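Protein chains: 2
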Amino acid sequence: MAKEKKFVEAITAMDVDFAQWYTDIVKKAELVDYSSVKGCMIIRPYGYAIWENIQKYLDSRLKELGHENVYMPMFIPESLLQKEKDHVEGFAPEVAWVTHGGHEELTERLCVRPTSETLFCDHYAKIVQSYNDLPKLYNQWCSVVRWEKTTRPFLRTTEFLWQEGHTIHATAEEAQEETIRILNLYAELCENVLAIPVIKGQKTEKEKFAGAHATYTIESLMHDGKALQSGTSHNFGDGFARAFGIQYSDKTGKQQYVHQTSWGVTTRLIGALIMVHGDDSGLKLPPKIAPTQVIIVPIAQHKEGVLEKATELKNRIGNFARVKLDSSDKMPGWKFNEYEMKGVPLRLEVGPKDIENNQVVLVRRDTREKEIVSMNELENRIPQILEDIQNSMLESARKLRDEKTYTAVTMEEFKDIADNKPGFIKAMWCGETACEEKIKEVVGVTSRCMPFEQEHLSDKCICCGKEAKHMVYWGKAY
Amino acid sequence: MAKEKKFVEAITAMDVDFAQWYTDIVKKAELVDYSSVKGCMIIRPYGYAIWENIQKYLDSRLKELGHENVYMPMFIPESLLQKEKDHVEGFAPEVAWVTHGGHEELTERLCVRPTSETLFCDHYAKIVQSYNDLPKLYNQWCSVVRWEKTTRPFLRTTEFLWQEGHTIHATAEEAQEETIRILNLYAELCENVLAIPVIKGQKTEKEKFAGAHATYTIESLMHDGKALQSGTSHNFGDGFARAFGIQYSDKTGKQQYVHQTSWGVTTRLIGALIMVHGDDSGLKLPPKIAPTQVIIVPIAQHKEGVLEKATELKNRIGNFARVKLDSSDKMPGWKFNEYEMKGVPLRLEVGPKDIENNQVVLVRRDTREKEIVSMNELENRIPQILEDIQNSMLESARKLRDEKTYTAVTMEEFKDIADNKPGFIKAMWCGETACEEKIKEVVGVTSRCMPFEQEHLSDKCICCGKEAKHMVYWGKAY
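Residue numbers (the numbering used here), protein chains in the order written: chain H, 1 to 478; chain E, 1 to 478.
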């Protein structure tokens with residue numbers, strides 16, 4: 001047991017130093033390595049496999065909803081970026097500039113895309129003529145670059161991977177429907193696949209995306225009580241369409257501007273998985289997203305028949321779950337720790353005695369419950385357990401989130417909670433940016449969203465006492 | 001018919017102007033649009049769907065062979081790029097440089113990756129300790145940037161999409177096996193999926209990759225007789241390992257350098273599909289790679305029951321093929337032209353008379369053969385036809401390639417063929433770069449490869465008359 005112990009001890013406990021705990025998991029679960037480029041990460045095979053599973057789910061759902069994938073250039077000429085005023089103001093301070101190609105200086109510098117609205121608009125203006133061409137439901141999977149001062153793997157990196165959807169529609173109603181449809185899809189991804197409960201709502205004017213009419217968000221709560229913006233969906237109205245001249249002739253032959261949306265989720269979701277589900281033994285992955293759902297650890301594998309049986313089981317389980325057999329010469333206890341660190345949902349142990357008794361030992365990563373199961377029952381029992389893990393992980397995360405969600409009706413209460421109880425704080429707001437800024441200054445929290453599910457906590461804005469317009473989720477955020 | 005005619009006439013004939021024919025197809029089949037960034041293309045949904053099918057096939061085959069996907073940063077610090085001398089010399093003239101992040105000038109400029117050997121090496125040096133850690137079989141899907149003066153969609157663009165595999169092995173033998181294994185996989189992709197016959201062989205010293213010990217290539221021949229390098233696989237020996245200090249302790253505890261490979265195919269393959277299979281009506285896609293394999297065009301679709309039947313057929317065919325129904329209000333003839341332009345392998349026409357007779361009309365894109373098939377037979381007949389199209393497209397491409405492959409034993413013959421008969425020219429070579437350079441100067445062709453299947457055409461080098469070492473495929477290349 002000595003070795004195992006050591007392996008576990010190498011991780012900082014969550015309660016001791018949450019940031020260090022996070023970094024430890026990221027490294028020890030082999031999700032990421034640091035690169036020689038400041039702020040850029042290397043996504044290692046295990047981390048990338050999680051991203052691939054997110055992609056697989058989202059890509060097939062987006063296609064079912066009629067979206068098509070495209071690929072836009074990674075460069076944006078400076079003049080193109082400047083076409084929409086609010087947008088360039090929002091992004092110019094954080095873009096990387098290419099100034100030289102080969103040995104020559106460029107006549108116009110190019111920014112590495114921080115997001116691609118301008119490129120999509122430029123393209124749409126060229127290819128759209130009539131109402132027959134609408135809607136266009138385009139998406140792309142790529143990386144984007146935002147020059148960040150402080151970075152953390154997955155949560156905030158100079159370069160990150162994402163999908164960015166950019167759609168155009170004939171009417172404002174259709175654009176709004178699309179914006180919400182995608183927000184719901186993101187919530188579905190988080191809750192049903194990643195087992196991360198989210199609050200759906202709208203961002204305030206202050207927090208919305210540069211150039212958007214309205215930004216919608218899903219907000220999740222991490223183990224340390226900090227919020228994480230986990231996906232956003234923007235309705236641009238016809239702002240970009242006017243700036244870029246994206247017009248179509250309607251059924252009467254009249255020229256109209258299109259209505260536009262954009263939306264994205266990023267590798268940041270992997271950070272959410274760590275901080276919502278992880279514990280002091282490492283990562284904990286919901287079965288639906290886990291690259292390996294069942295890890296088989298043979299016991300006394302040098303004994304006759306053990307590896308053969310383990311291989312046979314692997315082949316059987318491979319028909320209904322993502323399974324791996326670790327037949328390396330490490331000690332079983334060492335393997336237990338390794339796969340706990342990597343958050344594999346279910347461990348199957350099989351040794352000489354188990355074989356004698358026609359049974360295996362199943363150990364859940366989430367609850368550590370151990371169960372002895374007949375070898376004849378694996379096809380029934382393993383899918384049941386995996387489903388149960390998936391459901392109870394969402395359940396636990398929701399319970400924790402609810403426990404860390406507070407209500408404030410006075411500024412004193414507000415400040416007291418913010419100082420002492422990390423989590424979401426629900427409080428009423430008048431809708432004025434001045435109050436939002438004052439709350440940030442005095443209480444130290446930002447508005448996360450105006451949730452779709454509004455509650456009436458009081459008649460008055462918690463800050464100025466004037467008539468309240470919205471209940472808002474507030475919090476400290478990543 | 002007038003409209004159809006017009007649609008077809010909009011394409012330049014292949015024999016009139018091959019380059020323009022190519023550009024016309026790229027635009028009219030909606031594969032690509034030009035972007036506002038010089039030399040960068042927008043890959044439109046139809047073009048991207050072809051790339052996704054290439055990815056799907058190759059990614060699953062690579063995973064079967066034990067490869068894992070990762071993601072490296074898109075930036076390489078200048079100092080890192082310079083670590084391997086030959087490599088930096090090869091790439092420095094054609095990289096894009098980032099010099100500013102936000103409003104600040106960087107202390108060290110970053111190049112946008114033209115290829116990622118240096119990043120993989122840097123990472124491998126950190127994560128590899130012992131023979132237990134080997135091999136590492138990593139791959140990544142990404143875009144790379146090479147600053148090109150003259151660009152053409154898919155064939156040569158400033159930014160392009162590819163996969164780049166980077167593997168490290170304990171022994172030189174294993175690295176060589178991997179290099180060849182991947183070359184064979186690429187050949188399999190081209191021949192079995194894209195229906196493009198290839199010549200497998202080794203590049204000469206002059207033509208090999210910057211920093212490689214040996215470069216292997218698959219070379220295909222386009223309709224105009226020009227060659228296209230369609231995929232390369234490099235064995236680096238331990239050159240990069242020494243430059244980057246990638247060492248492992250072997251079973252005896254001795255420090256050893258790893259042996260390394262890298263390999264890639266790009267969106268250029270889409271250019272090959274166009275130029276190998278296309279004709280004056282447009283693109284011609286092999287069924288295995290076609291985003292849509294069967295297009296249903298209803299005839300007299302306003303008549304009762306036609307669209308219902310067409311939808312019913314679509315649902316049935318959807319169980320075994322990628323099928324679309326075009327129920328837009330365009331004329332059938334217009335639709336015929338559109339899907340010929342897009343190269344959909346099989347067209348299904350169904351109208352009132354067909355319904356009366358319980359039949360459909362099937363029209364092949366490759367041969368234009370028309371066949372009347374009972375509706376009861378679709379499950380049998382359509383897969384047969386698709387398979388036959390796949391096979392006969394490879395057959396035709398091979399026939400054309402063979403017809404355009406010539407043999408020369410004297411310089412006069414060599415020059416005569418090169419001037420008058422575009423295609424591959426087989427000729428003997430002594431192995432000296434001087435002769436290769438002279439051939440380029442005098443005959444105007446470059447060495448494409450030294451094929452694995454050698455033939456003995458003569459004892460002497462076609463250029464200097466000294467002892468011949470290799471038979472070489474020569475040609476003009478994209």
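These aren't lab readings, by the way, just hints derived from the structure by calculation. Any given hint could be a false lead.
Same chains, same names: a pair is fine if it fits in one copy or spans any two.
Below 25 Å or equal to it, Euclidean Cα-Cα: the simulated BS3-like pairs (lysine-lysine) are [stated by the list, open to error]:
#1 Lys288 to Lys56
#2 Lys38 to Lys399
#3 Lys330 to Lys206
#4 Lys466 to Lys440
#5 Lys254 to Lys469
#6 Lys404 to Lys126
#7 Lys335 to Lys421
#8 Lys38 to Lys126
#9 Lys469 to Lys38
#10 Lys56 to Lys85
#11 Lys476 to Lys324
#12 Lys126 to Lys469
#13 Lys324 to Lys63
#14 Lys38 to Lys426
#15 Lys208 to Lys226
#16 Lys27 to Lys126
#17 Lys469 to Lys303
#18 Lys324 to Lys56
#19 Lys353 to Lys254
#20 Lys415 to Lys83
#21 Lys63 to Lys288
These figures come from a predicted structure and were not determined experimentally.
Status of the hints after comparison with the structure:
no., hint, in the structure
1, Lys288 to Lys56, "both (11 Å within a copy, 21 Å between copies)"
2, Lys38 to Lys399, "neither (38 Å within a copy, 53 Å between copies)"
3, Lys330 to Lys206, "neither (54 Å within a copy, 47 Å between copies)"
4, Lys466 to Lys440, "within (18 Å within a copy, 83 Å between copies)"
5, Lys254 to Lys469, "neither (39 Å within a copy, 72 Å between copies)"
6, Lys404 to Lys126, "neither (50 Å within a copy, 40 Å between copies)"
7, Lys335 to Lys421, "neither (37 Å within a copy, 64 Å between copies)"
8, Lys38 to Lys126, "between (38 Å within a copy, 16 Å between copies)"
9, Lys469 to Lys38, "neither (43 Å within a copy, 49 Å between copies)"
10, Lys56 to Lys85, "neither (35 Å within a copy, 40 Å between copies)"
11, Lys476 to Lys324, "neither (39 Å within a copy, 49 Å between copies)"
12, Lys126 to Lys469, "neither (42 Å within a copy, 55 Å between copies)"
13, Lys324 to Lys63, "between (30 Å within a copy, 14 Å between copies)"
14, Lys38 to Lys426, "neither (37 Å within a copy, 50 Å between copies)"
15, Lys208 to Lys226, "within (19 Å within a copy, 53 Å between copies)"
16, Lys27 to Lys126, "between (46 Å within a copy, 13 Å between copies)"
17, Lys469 to Lys303, "neither (71 Å within a copy, 56 Å between copies)"
18, Lys324 to Lys56, "both (20 Å within a copy, 22 Å between copies)"
19, Lys353 to Lys254, "neither (80 Å within a copy, 40 Å between copies)"
20, Lys415 to Lys83, "neither (42 Å within a copy, 54 Å between copies)"
21, Lys63 to Lys288, "both (20 Å within a copy, 20 Å between copies)"
Checked against the numbered hints above, the structure violates hints 2, 3, 5, 6, 7, 9, 10, 11, 12, 14, 17, 19 and 20; every other hint is satisfied.
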